[in-house]
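2 protein chains.
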Amino acid sequence: MLNTLQEIVEKNKDIGIVETDYFTFAFPPDELILESGERLGPVTLAYETYGRLNFRKSNAILVLHALSGDAHAAGFHKGDEKPGWWNDMIGPGKAFDTEKYFVICSNVIGGCKGSTGPSSLNPKTNRPYGSGFPVITIKDMVNAQRRLIDHLGIEKLLCVVGGSMGGMQALQWAVSFPERVRSAIPIATTMKHSPQQIAFNEVGRQAVTADPDWNGGNYYGGAPPAKGLAVARMVGHITYMSDISMTEKFGRRLRNGINSSKFGVNFEVEGYLHYHGDNFVRRFDANSYLYITRALDYFDLANGKNICEVFKNVKARFLIIAFKSDWLYPSYQSRDLVKACKLAGIEATYCEINSTYGHDAFLLEVEEETHLIKHFLKKVFNGYAVAEEYEV
Amino acid sequence: MLNTLQEIVEKNKDIGIVETDYFTFAFPPDELILESGERLGPVTLAYETYGRLNFRKSNAILVLHALSGDAHAAGFHKGDEKPGWWNDMIGPGKAFDTEKYFVICSNVIGGCKGSTGPSSLNPKTNRPYGSGFPVITIKDMVNAQRRLIDHLGIEKLLCVVGGSMGGMQALQWAVSFPERVRSAIPIATTMKHSPQQIAFNEVGRQAVTADPDWNGGNYYGGAPPAKGLAVARMVGHITYMSDISMTEKFGRRLRNGINSSKFGVNFEVEGYLHYHGDNFVRRFDANSYLYITRALDYFDLANGKNICEVFKNVKARFLIIAFKSDWLYPSYQSRDLVKACKLAGIEATYCEINSTYGHDAFLLEVEEETHLIKHFLKKVFNGYAVAEEYEV
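Heads up: the protein sequence lines correspond to chains A and B, in order.
Going by numbering that gives the first Met the number 0, the residue at position 211 of the first sequence is 210; the numbering climbs one at a time, nothing skipped.
Going by numbering that gives the first Met the number 0, the residue at position 198 of the second sequence is 197; the numbering climbs one at a time, nothing skipped.
Same shape as in the complex, but just chain A (with noise of 0.2 Å):
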């Protein structure tokens, strides 16, 4: 334990300057097929590679994001001081060890951060989608990274892995491509999202149509829903956080005095939410805001089918990881998933992290991750090898 600590703190070393690459594919008249039955072409997505692909090809990681992430999950841009949203997990001695494994992150068709969403082009307009946008799930945010799989030469992932939406996406490609993915690692996420989790987002949805400069999803070049996606952003720092890491931050500490403002900022809280609220608005598009969400909300598995005959052709071994006071994703639907896949005959190991910090602990509990994510790795790459010998 104490080795393994050392060796992260000795090790950790990051990335360094890295460049987020494209691949565009599916042009038309060869689009890609929506879920919905529409046609989406040319698609483009956005991302990044850690570390190198070794000669068998066999240590390739698929890291998928959550809602508001993107491609760049590890190091720095040039110029920026702020490294990728995984920084602390990908990299030289870290949880995903880029000195080991070959790292993906590509950020999902319906985004804003250099794939195809409703921001694009639209090439038959030659003006951004907007509410034209055809609506996505996530199998089609999958499909698309199939296909970047494909471009890069990979047939077997050694691991897909991702939190919260990262996590559905991580089950879905071990269902949709049951041939292709070696072990999967959902993190703090569900097979279905719950009613209260649909209802979560429709008041962020809600909130963003609310406001006038919306205007039926064609706001690009004029001024962006920005209220109305500040106050959803806030809804989802809420559910992002627990009562008692919210307590344990800003307690009841007043930001100014009572009366100091009627209907602004009076709590330290306030203003937090405030801050991340304002600041998702410069950073994110509303529309893409809309579309991922119902993304989100549309997720079931099993659609209605038996979850072992959905599991059947699963050839992945999972790593199930759910933190204690995380009320949005709580931890009875990764033991759901993890009942699922014994029933399945799927091998699958679990672990609730007794975290404070609530849903965002995905993100945090960076060394209670590392341990088991790297046991788990370790063991699925060595058999992976030695399966490969027996191969050969």
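These are computed hints drawn from the structure, not numbers from a lab.
Please read all numbers here as calculations on a predicted model, not as lab measurements.
Please note that a few of the clues may not be correct.
Any copy, or any two copies together, can satisfy a pair, since identical chains are not distinguished.
[Claimed, not checked] Simulated pairs of lysine-lysine, DSS-like, Cα-Cα distance not exceeding 27 Å:
hint	residue 1	residue 2
1	Lys323	Lys191
2	Lys261	Lys341
3	Lys261	Lys304
4	Lys112	Lys81
5	Lys112	Lys261
6	Lys323	Lys56
7	Lys314	Lys99
8	Lys323	Lys248
9	Lys323	Lys338
10	Lys377	Lys311
11	Lys338	Lys311
12	Lys99	Lys378
13	Lys155	Lys99
14	Lys261	Lys191
15	Lys304	Lys248
16	Lys377	Lys155
17	Lys314	Lys155
18	Lys261	Lys123
19	Lys191	Lys248
20	Lys261	Lys311
21	Lys248	Lys338
22	Lys99	Lys323
23	Lys56	Lys377
24	Lys314	Lys56
On the provided structure of chain A, position chain B as indicated by the hints.
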């Protein structure tokens, strides 16, 4: 147990037709001095009473309403099919038996159901106060109610009772006027608002003030900030239910097929939220929502003092009720209150009801509440009667 149930069923007659009364006081220059130091006057309180005050005036119970409640707690208004908000609890043979007790309920100041609030005429300008209405607190609400109780000629209240914000008022009554309260029943409430509770309210306020129709609070005579207030109410409704009650009520049932409406109602739970959001707009004033949620957030019974010090003069005995699945006012907040009572030598009984209804349970768990409250009131009333005899 069975007897009591049967008794309830048999006696389940309603009070019948009731009317709202109005009491106006604190005329200038004798205005109500608010906690902020500002003066408010004249002040009108809308109130209703059920049952008859006995000769000794020893059977009066003050029922205190929650955020969106009003003075109409029981019985029917003429021509209205919907009874008062706690009709299941107040009436002949019910928990608050109107054959035994005299029940009073008044709309809080800051509200919009007949009591003075931001939509009332400001006598200085002869226009609605709007955002010129002073900041009010739970203590201010209680101070105003005290004038009504004086007006009704009641020296001692047998009981003060309420759920949620009503519970805060009950606590404040016991602390502010210890000689005038025999017992208190705080239900699903807290001694102070937590940062998570503040955060949810702040999101609601931001949704309202982001609506251009809010217009700085001066929208009377024009269109109210309907969309913003609806979003605020939707957030509220999620917090009033529980994950499990939402799953039981809605599951993932679709109202229409996927794709039928990109950003409209797809899931039943969305339809529910929309319905209640829109409905709220018709019956509630947005500025009242802002002022009352602020009062909730400012609520901190101890306010930096030692709670034993705050409770030291309290004469009331307490019945404290919480609900297992209430995550908006989690039961640990009620247990903190029980602990504070015990430390201060206040006689307190605590019951956590095993309900799945979430915070709404205080309106819905009628049977359980009835058993607890009937028994408690009987004990207090009998003790009271005996004590009165001795005093004679």
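Kindly indicate which numbered hints from before are broken by the structure, ordering the numbers from low to high.
2, 6, 20 and 22
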